[in-house]
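Just so you know, the protein sequences line up as chains L and C, in that order.
Heads up: the first sequence at position 177 corresponds to 177 in full-length UniProt numbering, and the numbers run straight through without jumps.
Heads up: the second sequence at position 451 corresponds to 451 in full-length UniProt numbering, and the numbers run straight through without jumps.
No lab work stands behind these hints, which were simulated from the structure alone.
By construction, the Cβ of each residue, glycine as well, lies at the ideal position given by its N, Cα and C atoms.
Check each hint, because a few of them may be wrong.
[Unchecked claim] Below, computed lysine-lysine pairings styled on BS3-like, alpha-carbon distance capped at 30 Å:
no., chain 1, residue 1, chain 2, residue 2
1, L, Lys255, L, Lys150
2, L, Lys404, C, Lys110
3, C, Lys219, L, Lys596
4, L, Lys473, L, Lys56
5, L, Lys376, C, Lys198
6, C, Lys110, C, Lys387
7, L, Lys478, C, Lys430
8, C, Lys244, L, Lys473
9, L, Lys573, C, Lys387
[Stated by the list, open to error] Per the computed footprint, the stretches of chain L lying under chain C, defined by three or more beta-carbons under 8 Å from a beta-carbon of chain C, are:
no., segment
10, 407-415
11, 627-641
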Amino acid sequence: MTEPPQQHYLELSENPVQFEHASSVNNVFFDEANKQVFAVRSGGATGVVVKGPDDKSSVAFRMDDKGEVKCIKFSIGNKILAVQRTSKSVDFINFIPDYPHTEFSQECKTKNANVLGFCWTNWNEIVFITDQGIEFYQVFPDKRSLKLLKNQSINVNWYQYCPETAVILLSTTVQGNILQPFAFRNGTMSKMSKFEIELPVIPKPAKLSLSERDIAMATIYGQLYVMYLKHHSRTANSPSAEVVLYHLPREGACKKSHVLKLNTTGKFALNIVDNLVVVHHQSSQTSLIFDIKLKEPDCAVNTHQPVLPARSIHPYRMPLAGPAVVPSQPPVPCQLYSSSWSVFQPDIIISASEGYLWYLQVKLHPTVNLLQDKGKLMDFLLRRRDCKMVILSVCSQILEGGDKGSLPVVATVFDKLNQVYKEYLEAEQSYTVAMESGPSRGSAAQKRPVRTQAVIDQSDMYTHVLSSFTERKEVSHKFVIAVLMEYIRSLNQHQITVQHYLYELVIKTLVQHNLFYMLHQFLQYHVLSDSKPLACLLLSLESTYPPAHQLSLDMLKRLSTANDEIVEVLLSKQQVLGALRFIRSVGGHDNVSARKFLDAARQTGDQMLFYTVFRSFQQRNQRLRGSPAFNPGEHCEEHVVHFKQLFGEQALMKPSTV
Amino acid sequence: MLMISPRMASAMQEKQYTPSLLSFFIYNPTFGPREGEEEKKILFYHPSDIEKNEKIRNVGLCEAIVQFTRTFCPTKPAKSLHTQKNRQFFFEPEDNFWIVMVVRNPMIEKPNKDGKPPTIEYQEEEILDTVYGAVVRQCYSMYKLFNGTFGRAMEAGGVELLTQKLEKFFYRYLQTLHLQSCDLLDVFGGISFFPLDKMTYLKIQSFVNRVEESLSLIKYTAFLYNDQLIWSGLEQDDMRILYKYLTTSLFPRHSEPELAGRDSPLRPEVAGNLLHYGRFLTGPTNLKDPEAKFRFPKIFVTAEDGYEELHLIVYKAMSAAACFMISASVELTRDFCEQLDGLVGPQLTLLASDICEQFTINRRISGPEKEPQFKFIYFNHMNLAEKSTIHMRKTASVCLTSVHPDLMKILGDINCDFARVDEDEEIIVKAMTDYWVVGKKSDQRELYVILNQKNANLIEVNEEVKRLCATQFNNIFFLD
C-alpha cells in the first residue's frame, strides 16, 4: 500500500548544497562548525571548492599538493584555513587580505602523539586532539605562528565536537565509555565533569566498546545533550534499541535524562530538527521523531515513545546535475536512506557519492492527521518553530466539518494555547516593568521576550478561526456560542484581558438568533466586560431589545470615564432632568455646556421643564461668576430670548445683590 | 411626597384575623348561555361543598359585574370588587375564561362585655389589589406551566378534560396559597440571582454547554444555587414561573432529607464508583431500584409556534441544582437517566463545592461591614432581578418577613404610586411606628428601604439612602 503523500512529515530541503561528488581524484570533507563542504581535487593542486550554506561562505582556491589531506577546515569567518596532512602536524594558510599567504605549520607538542583531528573554536583559536590529550592554541596569522594556551594529557580513543556550544567530547579509558567534555570560550578551556555511558554488556577482556558512530552531541531546547544510540543486545535484557540522552549542563554533573524507545533493531542515525530528535532507521527506510518535552502518561518518567508513527522522508527528486542538463529530462528519484549517506548534527544529511548536502526539515501539516489526541498534538505543535498557521488550522478543524471535536477537546486546546499566550504576556510585562524601573540595577540580563509563533493571541484566533467559524451556516448556533464562551472562559482562567471584538462576536451571534435573554444574563454576570465600544453596541440594540438601554447605561456608569456619554444618552431620551441630576451627582455640573441642556429642554416642548433647566443654569452662573447671565461663549442667547418670550423679562433671575 | 400612615390599632384582648381565601372559581360564560344551563359555565369551584345554586349565583354576579363595568371602559375590564367583608379579583387569562378569587378582608374581633357577641371590624383597606391580583395571575401561570392553556385542554378533550385538569391541579395548589403572607414580592414575581464571580460563572456555562453537547436530547438547562438562579436557557417569562415553582414548592419539599444526609454519603450504592452527591428531585428517587419509574413532570413553555411540552428533570448535588428540559415527545429511559447521573453527578458535585468556596471567599472579602443594616427590597423590571433583606428564607408553608405587615402595606402603596406614572420618582414616608420608608424608582428599577431611625429628619434619611445606593448599587445606573 502506498501512503498518501501528505503523510510524510520529514523532507529534505528543496535547495540542497551541491558539490562535486567524491571520487578517486576528488576528496570531500565536511566541517560541522561552518557547515562547509570541501571538495579537494588532487590534494588541492587542481583546486579546492568550498560550498557553504550560502554564497558568502562559498570559496574556491588552489593549494599545493603536499600529500593527502586528512582534514581541512576554515576558522570562523573564513579567516584562516587549517589542513591536516600528517598525524603529527597541522598546516595553516591565511585568508585575510594583506596577510602573508605562505603556509605555516604547527606540530603537536606531545611527544609521540598522533593528531586525531582539530577544531576551530574561534576565528584564531584552534584545538588539536591527539591520542594523548588536547592542545589549545591561539593562531597569530600576521606572525605565522601559534601560541599554546593550554593543554591536557589524557588518553583519547576518539572525539566529537559541538560547534554551537564549543564543547569537545573525548572518549577515554580502554572501553571508551568514560566521556570527558571540555568547553572553550574566549581563549579559556574548562574541563567539565566526566561521565560514564552505561554499556549494555561489559566486554571481557576489556576492549573499546563505545563507538564514535553511536554518540552525537546536540542542543535540544537550549540544552546540550549527549545522545547515545544503545543497540539491542541479546545478552542484556533489552529487546530493542533505544537512544539514551545525557544532559550536559555548563556546570554540574552530567545526568542520564531521557530514554527514547525505538521499538526495533538495526542501523540508525540521529538528527535534531526543530528540537525534535529524529531517528532514521535504515532497514525499514523510515524515521521516527521524539519530543523530549512531551510527557508520556503511560510511561515511566522521561521514557518516550515516538510522537508519530514511523514514516519515510518525503520522496525527493534530484534535478540532473552537470552542464549538459537537458531541460526535458525528468528529475531522477533520489534513493533515500542510502548507505552512502552521512548524517551530521544537527540536521544535515550528505550524500558524498552524489554531491548533495540537504537540511532535514519537519513538515507540520501531515502531523495533524497522524496524532489523534488533539491535546497532545497541541503540545507538540506549540513547541515547533513554524507552528502558527498549522495550529490555527487545527483550531478550525476541531470547530468545523466532519472532524469536529467535542467541547472538552476544544477547551483543552484553548487552554493550551492560552497558557503559552499568558506566559508571553507575563514575560513582556515583567520586561516592561524592568525597563521602566531603569536598567541600572543588574537588569542587564533582562532580555525582551521573543514572541515565537506559538504565541497565538486573540486577534489571531479572531481573524483566522473564530470570525469565519461564527459565520458558517451549517454549524449550530448553540455550538458557536459554547465555543466562544469556552474561549472567553479559557482567557479568563489565564487572567488574560479579553478584547472587546470577541464580546462583539458573542453579541452578534446571540442577536442573530434572538437570544437576547441569554445576552442579558451574560451582561448581568459581567462575563462580557465593560467597555465603551460594547456599551455603544448595546445602545444600538435598543430598538430590537429595549432592555439594552439599561444595560448600556449601567456599563457606562461602571466605566466611570463615560459621564459625557451618559449625559448624551439621557438627553437623547429627553430625560433632561435626569441628565442634570446625574451630572450634578458626579460633580460635573460646573463644566457642562448649558446650551446642550437648554436645547434638549426646549425640544421637549415642556415649558416648565425649560424654565427649571434655565433657572438651574442661571443659579450656576450666579454661583460661579456672581452673575446669573450667560457668557457669550456659551451661545445661549436664543434661549434667553425664548425664556423672555415665554415667561417675561421679570422671570429672569436678577443679579444678586448679596 | 411625604405621607403619614395611620397608627395601628391594637389591644391585647382583641383578636386579629388575617386575609383568607373564601372561594376560588373558574368559569366560561359561553358554555352555558341559556337559562337552566348556568351550571355548565362553572369549570371549577372551591370550596366544592358549596350548594349548586349558590355557586351559580356567585358566578352570575361576577359575570354581571364584569359585563356592567365593561360599558365604562371596554378595553380594561374590572379587576376587583371591594366590599366590606371581602374583595373579589377577576382575571380573564384566555378569551371568555374567567378566574375569580374571593378574599375575606382582614378583621379584628373586639370582645364585648356582658356576653354580647363580639363586634367585628373589617379592615377593608388593608389589602392591596396589586398583590392579590398578582396572586390570581400566578395561579393561572402555574396551571399553564404544568398543563398548558385552557384552550389546549379544550382541544384535546373538551370541557370534561379541562374540568378534570383544573380539579386535579387547583385542589392541591390552593392549599399552598398562603394569602396572609402575600406581599410586594408577589407583585414583582421576581427572580433572585445568585451573586457570583465571572470565572465561576464561566465554569457553569462550560458545564451546561458540555452536558447539552453530550446529552443532545437536552433542549434547555437552568442552573440554580442556594435556591437562587444562575443560568436560564429558558426565556424570561417561563423561567419566572418555573423559578417560582422550584423555590416555593419543589426545593422546600426536598430540603429536609438533604440537611439530614450531608455528612454521610448519600448514595452508598455508588461507593465503588466516583462518589458524588447528585440525585434526582423529579423522576426516580433511586436509580438502582428495579421498580423505578422514569417519569418526570411535564411543563409547557413558549416556543416560536405557540408552546412546547417538555420533561422537567431536576437534578441536585449539594446546593447546586440543574434543571434539564427535554422534549416531551421523547420517552426517557433508565439508560438515559443513568447516563445523566453518571455524567452530571460528579461534575455538579465538584461545581457545587467550587461555588460554595468562591462564595465564602467573596463573603470574607466584602466583610460584615458591607452587609447592610438596612432592610430593603430591590426589583429590576428588565431582568426580574429581586433582592430582599426583609424576607427570610422561603419555606413551603410561609414566606416570613422581618417587618410588620403595616410597613409591607406602605411598600405596596408606594409601588402602586410608581405604577401610575412612567417617570422616575422618589417617595419618603414617615410611618407612625418611627420607621422611615423610602421608595425610589429609576428607569426600570425600584428600591424600597425601611429605616429605623427614630429621630432622623428627612434630610438625614435622604443621605442614608444615598449611602445605601452608593454601597449596594454602585455598579448600576441608579439616579439619585
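Hints, one by one, checked against the model:
In summary, the hint linking lysine 255 of chain L to lysine 150 of chain L is supported, as the alpha carbons are separated by about 27 Å, within the 30 Å threshold. For the proposed pair lysine 404 of chain L and lysine 110 of chain C, the alpha carbon gap of about 77 Å is over 30 Å, so the pair is violated. At roughly 51 Å between alpha-carbon atoms, lysine 219 of chain C and lysine 596 of chain L are farther apart than 30 Å, so this suggested pair is violated. The suggested pairing of lysine 473 of chain L with lysine 56 of chain L is violated, with an alpha-carbon distance near 54 Å, which exceeds 30 Å.
Restraint check for lysine 376 of chain L and lysine 198 of chain C: the C-alpha separation of about 29 Å stays at or below 30 Å, so the hint holds. Distance hint between lysine 110 of chain C and lysine 387 of chain C is unfulfilled; the C-alpha atoms sit about 38 Å from each other, more than 30 Å. The suggested pairing of lysine 478 of chain L with lysine 430 of chain C is violated, with an alpha-carbon distance near 52 Å, which exceeds 30 Å. The suggested pairing of lysine 244 of chain C with lysine 473 of chain L is violated, with an alpha-carbon distance near 37 Å, which exceeds 30 Å.
For the hint pairing lysine 573 of chain L with lysine 387 of chain C, the CA-to-CA distance comes to about 28 Å; that is within 30 Å, so the pair holds. Counting residues of the segment 407-415 of chain L whose CB lies closer than 8 Å to any CB of chain C gives 3, which reaches the minimum of 3, so the coverage claim holds. Against chain C, the segment 627-641 of chain L contributes 0 residues with a C-beta closer than 8 Å to a partner C-beta. That does not satisfy the three-residue criterion, and the hint is violated.
Violated hints for the displayed structure, listed by number in ascending order: 2, 3, 4, 6, 7, 8, 11.
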